[in-house]
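Student: Residues per chain are reported as follows:
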Amino acid sequence: MVSLSIDGVECRYGSVKILEKINLSVEEGDFVGILGPNGSGKTTLLKSISRTLKPYKGTILLGKTDIYSMKSVDLAKHMAVVPQESSIGFSFTALDIVLMGRNPHMKRFQMESEKDMAIVKKAMNRTHTWQFADRPINELSGGEKQRVVIARALAQEPKVLLLDEPLTHLDMVNQLEIMDLVKELCLNEHLIVLAVIHDLNLAARYCTSAILLKNREIFAAGTLDKVLTSENIKSVFQVDAIVKKSPVTNSLYIIPLSPQKSTSPRNCAIHLICGAGTGTLIMKALVDEGYKVTAGVLNMLDTDYETSELLKVPTVNEAPFSPITEQTKRANLKMMSKAAIVVITSVPFGYGNLPNLEAALETIKRGVKTYVIDEVPIESRDFTGGKATGLLSELRKFGAIFIKHPSELPTLVNATHDMMELRKRSPTDIPGHVKEAAKAITQPTFRKE
Amino acid sequence: MLIFALVVVIIFCLNIGFAPISFSDILAILGKQIPFLNGRINLSTVSSVNQVIILQIRLPRVLAGAVVGAGLAASGVMYQGVFRNPMADSFLLGASAGAYLGYTLAIIYSSFLFLWLGLGLYQIVAFIGAAFAVSIVYSLARVGNKVQVTTLLLAGLVMNIFFLAIQNLFALRYSTLPGLAGIVTWLAGGFTNITWIDIIAVFPVVLFGIVIGYFFTKDLNMLAMGDDTAQHLGVNTERVRQALLLLGSLITAAVVCISGIIGFVGLIIPHLTRLVIGPDHRILLPTSVIVGAIFLILCDALARVATGVSELPVGVITAIIGTPVFIYLLRRRKTSYSL
Numbered sequence: 105m106v107s108l109s110i111d112g113v114e115c116r117y118g119s120v121k122i123l124e125k126i127n128l129s130v131e132e133g134d135f136v137g138i139l140g141p142n143g144s145g146k147t148t149l150l151k152s153i154s155r156t157l158k159p160y161k162g163t164i165l166l167g168k169t170d171i172y173s174m175k176s177v178d179l180a181k182h183m184a185v186v187p188q189e190s191s192i193g194f195s196f197t198a199l200d201i202v203l204m205g206r207n208p209h210m211k212r213f214q215m216e217s218e219k220d221m222a223i224v225k226k227a228m229n230r231t232h233t234w235q236f237a238d239r240p241i242n243e244l245s246g247g248e249k250q251r252v253v254i255a256r257a258l259a260q261e262p263k264v265l266l267l268d269e270p271l272t273h274l275d276m277v278n279q280l281e282i283m284d285l286v287k288e289l290c291l292n293e294h295l296i297v298l299a300v301i302h303d304l305n306l307a308a309r310y311c312t313s314a315i316l317l318k319n320r321e322i323f324a325a326g327t328l329d330k331v332l333t334s335e336n337i338k339s340v341f342q343v344d345a346i347v348k349k350s351p352v353t354n355s356l357y358i359i360p361l362s363p364q365k366s367t368s369p370r371n372c373a374i375h376l377i378c379g380a381g382t383g384t385l386i387m388k389a390l391v392d393e394g395y396k397v398t399a400g401v402l403n404m405l406d407t408d409y410e411t412s413e414l415l416k417v418p419t420v421n422e423a424p425f426s427p428i429t430e431q432t433k434r435a436n437l438k439m440m441s442k443a444a445i446v447v448i449t450s451v452p453f454g455y456g457n458l459p460n461l462e463a464a465l466e467t468i469k470r471g472v473k474t475y476v477i478d479e480v481p482i483e484s485r486d487f488t489g490g491k492a493t494g495l496l497s498e499l500r501k502f503g504a505i506f507i508k509h510p511s512e513l514p515t516l517v518n519a520t521h522d523m524m525e526l527r528k529r530s531p532t533d534i535p536g537h538v539k540e541a542a543k544a545i546t547q548p549t550f551r552k553e
Numbered sequence: 015m016l017i018f019a020l021v022v023v024i025i026f027c028l029n030i031g032f033a034p035i036s037f038s039d040i041l042a043i044l045g046k047q048i049p050f051l052n053g054r055i056n057l058s059t060v061s062s063v064n065q066v067i068i069l070q071i072r073l074p075r076v077l078a079g080a081v082v083g084a085g086l087a088a089s090g091v092m093y094q095g096v097f098r099n100p101m102a103d104s105f106l107l108g109a110s111a112g113a114y115l116g117y118t119l120a121i122i123y124s125s126f127l128f129l130w131l132g133l134g135l136y137q138i139v140a141f142i143g144a145a146f147a148v149s150i151v152y153s154l155a156r157v158g159n160k161v162q163v164t165t166l167l168l169a170g171l172v173m174n175i176f177f178l179a180i181q182n183l184f185a186l187r188y189s190t191l192p193g194l195a196g197i198v199t200w201l202a203g204g205f206t207n208i209t210w211i212d213i214i215a216v217f218p219v220v221l222f223g224i225v226i227g228y229f230f231t232k233d234l235n236m237l238a239m240g241d242d243t244a245q246h247l248g249v250n251t252e253r254v255r256q257a258l259l260l261l262g263s264l265i266t267a268a269v270v271c272i273s274g275i276i277g278f279v280g281l282i283i284p285h286l287t288r289l290v291i292g293p294d295h296r297i298l299l300p301t302s303v304i305v306g307a308i309f310l311i312l313c314d315a316l317a318r319v320a321t322g323v324s325e326l327p328v329g330v331i332t333a334i335i336g337t338p339v340f341i342y343l344l345r346r347r348k349t350s351y352s353l
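Chains as they are written, first to last, in my numbering: chain V, 105 to 553; chain D, 15 to 353.
For the record, the hints were derived by calculation from the structure and aren't laboratory data.
Glycine residues also receive a C-beta, built at the ideal position from the N, C-alpha and C atoms.
A few of these clues could be false.
Stated by the list, open to error - On the chain V side, residues computed to face chain D include the following (Cβ under 8 Å):
hint : residue
1    : Met105
2    : Thr156
3    : Lys158
4    : Ser176
5    : Phe196
6    : Gly205
Unchecked claim - Chain D is nowhere near these chain V residues, computed Cβ spacing over 12 Å in every case:
hint : residue
7    : Glu189
8    : Met204
9    : Ser245
10   : Ala259
11   : Leu285
12   : Asp522
What the hints assert, rightly or not - With a straight-line cut-off of 25 Å between C-alpha atoms, the simulated SDA-like cross-links for lysine to any residue are:
hint : chain 1 : residue 1 : chain 2 : residue 2
13   : V       : Lys501    : V       : Arg470
14   : V       : Lys263    : V       : Val177
15   : V       : Lys158    : D       : Leu154
16   : V       : Lys225    : D       : Leu154
17   : V       : Lys158    : D       : Arg156
18   : V       : Lys121    : D       : Asp242
19   : V       : Lys226    : V       : Lys263
20   : V       : Lys175    : V       : Gln235
21   : V       : Lys158    : D       : Asp294
22   : V       : Lys161    : D       : Asp294
23   : V       : Lys219    : V       : Gln235
24   : V       : Lys158    : D       : Asp241
25   : V       : Lys287    : V       : Ile358
26   : V       : Lys175    : D       : Thr251
27   : V       : Lys175    : D       : Pro74
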């Protein structure tokens with residue numbers, strides 16, 4: 105039973121602290137993701153574990169031995185490292201490189217034995233590198249090169265495998281293949297794996313646990329559900345992110361939204377009619393612009409519903425997968441009555457959410473500015489036998505503005521808002537040309553067909 | 015095959031010189047020295063003067079070229095491997111100059127020291143000089159774990175000038191001393207006045223350095239992957255470095271004692287060899303050793319006859335060939351050690 109325990113480690117470069125108060129205990133079969141933003145100390149942590157950077161304070165024990173008291177050869181028998189980028193500019197063959205992995209197991213004057221060759225061949229077969237064993241390493245592609253380096257690590261027959269961003273520069277297939285391989289090794293050979301991974305989704309999919317670093321310290325550690333929460337991601341990366349469990353892979357997945365912009369709040373309410381994720385980015389954009397965003401009616405568990413929870417956007421909700429009742433429609437209308445602007449996304453309409461469009465029609469009749477995002481033609485997302493299409497044309501008649509792409513929305517909404525503000529302030533004093541300009545922006549007549 | 019080429023080159027170059035001696039005579043003279051064969055060879059047709067020229071003058075000289083060439087190439091491989099840089103070489107690193115200063119000092123003060131050590135003493139002091147120079151250059155050029163090429167070259171250059179300046183100072187101050195009479199001209203080293211004693215003193219040291227160095231070739235291969243990677247593969251990088259720098263300095267010191275400073279052999283030979291046979295030090299070291307021997311024998315032969323009037327120091331020839339190679343290397347890859 106091998107274990108790795110890191111106790112009170114503090115690392116410095118010169119007098120600058122890079123890491124502090126690191127405590128971590130890892131057992132066989134653990135696949136630990138080391139996560140965190142750039143500069144949070146991930147690579148430094150890996151360096152201190154791989155004996156490249158001696159900690160200023162604290163101990164790192166492999167089993168019961170301090171790794172800094174071991175000989176390099178002895179440590180290399182137990183621990184292999186796959187570096188961030190292997191700068192192998194030489195024409196060593198792939199086989200030569202993997203054979204180097206046997207070095208710690210050989211004496212200085214010893215040649216590679218048949219046993220060594222067998223181990224190397226096995227490692228290369230596992231990583232699918234045997235077929236180019238004789239090719240010079242600098243003629244291989246990034247993915248192939250990385251697999252050769254992993255084969256070399258396997259040839260060391262380690263108990264601990266450290267990977268420093270093993271997936272940079274690799275395409276999707278290579279990323280998945282390498283992670284599958286590492287995962288399999290971790291499970292079947294009972295390896296301890298520690299990997300610095302940038303892609304939270306890959307970490308979520310493959311790791312058994314994770315540590316999240318922030319400002320040189322461990323911010324969160326433990327199982328993935330505990331570490332990868334929206335709150336943690338928000339406070340470590342300053343990014344709003346939706347965290348869901350994928351029914352396909354049965355692992356968490358993370359949808360990051362763009363980082364928070366700091367704009368001053370605007371005293372203007374906007375109501376979103378959305379669903380099925382069509383409103384997520386718009387909701388985020390409008391919240392970033394400082395509007396008081398509301399949304400509804402949304403079914404609970406809908407992606408947009410989760411976004412609203414994340415962004416603390418008030419909503420009117422309906423039970424999951426249930427049609428909107430008269431009662432919730434009324435609640436929604438009440439919420440919409442406070443809004444200065446209504447935005448309808450390209451959500452598909454069925455009988456269940458048709459009442460939202462009816463509500464929008466009632467609101468526009470009261471003179472509320474309405475934007476319709478018509479990114480997907482209504483005909484292809486109308487599942488009500490033409491009723492939704494009809495309601496949209498009604499909306500158009502009452503002056504709803506149709507726009508083709510959601511990215512145009514914030515500019516238009518801002519212009520509308522600014523004009524409303526101007527009107528409120530001094531209805532008579534607005535110079536003619538400002539009115540003209542604002543009118544031109546807010547009413548792009550050319551978009552009306 | 016290379017060894018065969020080496021033998022051919024040796025015999026060929028024995029033919030070069032002012033006194034014309036035919037190949038058959040040369041073969042006969044050499045054959046006479048080999049046990050079992052000597053009974054069958056009749057030397058009566060060969061003049062005794064020619065025998066003396068071949069055995070006492072040309073053969074030691076050619077063999078000295080082989081030993082020195084092999085040693086310089088070997089130390090070049092070691093230095094380049096340790097510094098992960100094709101610009102490293104015992105001449106450019108200042109090791110030769112350090113050794114040379116040590117050698118000069120040893121000659122000057124040997125009358126006060128242990129005279130009985132003879133050439134061995136010169137070698138020891140020269141070794142100290144070389145090791146001293148290299149360790150200074152190494153510590154100057156090393157920033158953290160990385161060796162910067164420019165710093166390396168600058169540090170080597172400065173040490174070179176400095177050690178040679180000191181050496182000149184002593185050499186001129188004591189220029190009347192018998193052992194030092196010719197030493198100033200040694201700045202572009204050569205093989206004048208080589209005797210068998212020189213070769214017997216130097217050959218074991220060079221051989222020892224190369225053989226021990228060979229046991230580190232696997233580590234050099236791993237060092238080529240980068241310090242961290244080498245360490246992760248179980249190489250005690252610091253110890254391997256020190257060992258190889260010492261071995262390189264040992265070989266340098268030994269050859270400087272008989273040939274003076276010959277530049278660029280340690281630069282060109284490992285590099286050209288690497289271009290042909292690849293970067294694996296396990297093959298690179300022995301191949302470079304033989305190629306270095308062949309190269310220097312040829313250069314020396316050229317030096318003997320080039321002007322037609324008097325001999326050139328062989329260092330002149332290697333510098334003329336080596337400088338363009340050096341410039342080419344400098345322009346091709348300014349920072350990285352890769353091929």
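Student: Does each hint fit the structure? Answer for all of them.
Tutor: Quick rundown of the hints versus the structure:
About 23 Å separates the beta-carbon of V/Met105 from the nearest beta-carbon of chain D, more than 8 Å, and the hint is not met. Residue-level restraint check for V/Thr156 holds (minimum Cβ-Cβ distance to chain D is 5 Å; threshold 8 Å). With 8 Å as the threshold, the beta carbon of V/Lys158 stays out of range of chain D, its nearest partner Cβ sitting at about 12 Å, so the hint is violated. Given hint, V/Ser176 at the interface with chain D, holds; its Cβ is 5 Å from that chain's nearest Cβ, closer than 8 Å.
A cut of 8 Å between beta carbons decides the hint on V/Phe196: the least distance to chain D is about 6 Å, and the hint holds. The beta carbon of V/Gly205 is positioned within 8 Å of a beta carbon in chain D (closest approach about 7 Å), and the interface hint is therefore held. With 12 Å as the threshold on Cβ separation, the claim that V/Glu189 sits away from chain D is violated: the shortest Cβ distance comes to roughly 10 Å. Non-interface call for V/Met204 relative to chain D: violated, since the shortest CB-CB distance, roughly 6 Å, does not exceed 12 Å.
With a least beta-carbon separation of about 18 Å from chain D, V/Ser245 lies farther than 12 Å from that chain, consistent with its non-interface assignment. Distance to chain D contradicts V/Ala259 as a non-interface residue, since its nearest Cβ pair spans about 10 Å, not more than 12 Å. Distance to chain D confirms V/Leu285 as a non-interface residue, since its nearest Cβ pair spans about 19 Å, more than 12 Å. For V/Asp522, the requirement that its beta carbon stay farther than 12 Å from each beta carbon of chain D is met, with the minimum near 54 Å.
Among the hinted pairs, V/Lys501 with V/Arg470 is consistent with the structure: their alpha-carbon atoms are about 14 Å apart, no more than 25 Å. A C-alpha spacing of about 14 Å is found between V/Lys263 and V/Val177, which places the hinted pair at or below 25 Å, so the restraint holds. With a C-alpha separation of about 23 Å, the suggested pair V/Lys158 and D/Leu154 falls inside the 25 Å cut-off, and the hint holds. The hinted pair formed by V/Lys225 and D/Leu154 fails the criterion: a straight-line CA distance of about 43 Å is larger than 25 Å.
With a C-alpha separation of about 19 Å, the suggested pair V/Lys158 and D/Arg156 falls inside the 25 Å cut-off, and the hint holds. The hinted pair formed by V/Lys121 and D/Asp242 meets the criterion: a straight-line CA distance of about 21 Å does not exceed 25 Å. Taking the CA atoms of V/Lys226 and V/Lys263, the gap is near 17 Å; set against the 25 Å cutoff, the hint holds. Simply put, V/Lys175 and V/Gln235 have alpha-carbon atoms about 35 Å apart, too far for the 25 Å limit, and the pair is violated.
With a CA separation close to 31 Å, the supplied pair V/Lys158 and D/Asp294 exceeds the 25 Å bound. Of the supplied pair hints, the one linking V/Lys161 and D/Asp294 is violated, its CA atoms being roughly 40 Å apart against a limit of 25 Å. Taking the CA atoms of V/Lys219 and V/Gln235, the gap is about 20 Å. The hint holds against a cut of 25 Å. Among the hinted pairs, V/Lys158 with D/Asp241 is consistent with the structure: their alpha-carbon atoms are about 15 Å apart, no more than 25 Å.
Proximity of V/Lys287 to V/Ile358 is assessed by CA-CA distance (about 20 Å); at most 25 Å being required, the pair is judged to hold. Pair hint V/Lys175 plus D/Thr251 holds up; C-alpha atoms about 11 Å apart against a cutoff of 25 Å. Distance check on the hinted pair: V/Lys175 and D/Pro74 sit about 46 Å apart at the alpha-carbon level, beyond 25 Å; violated.
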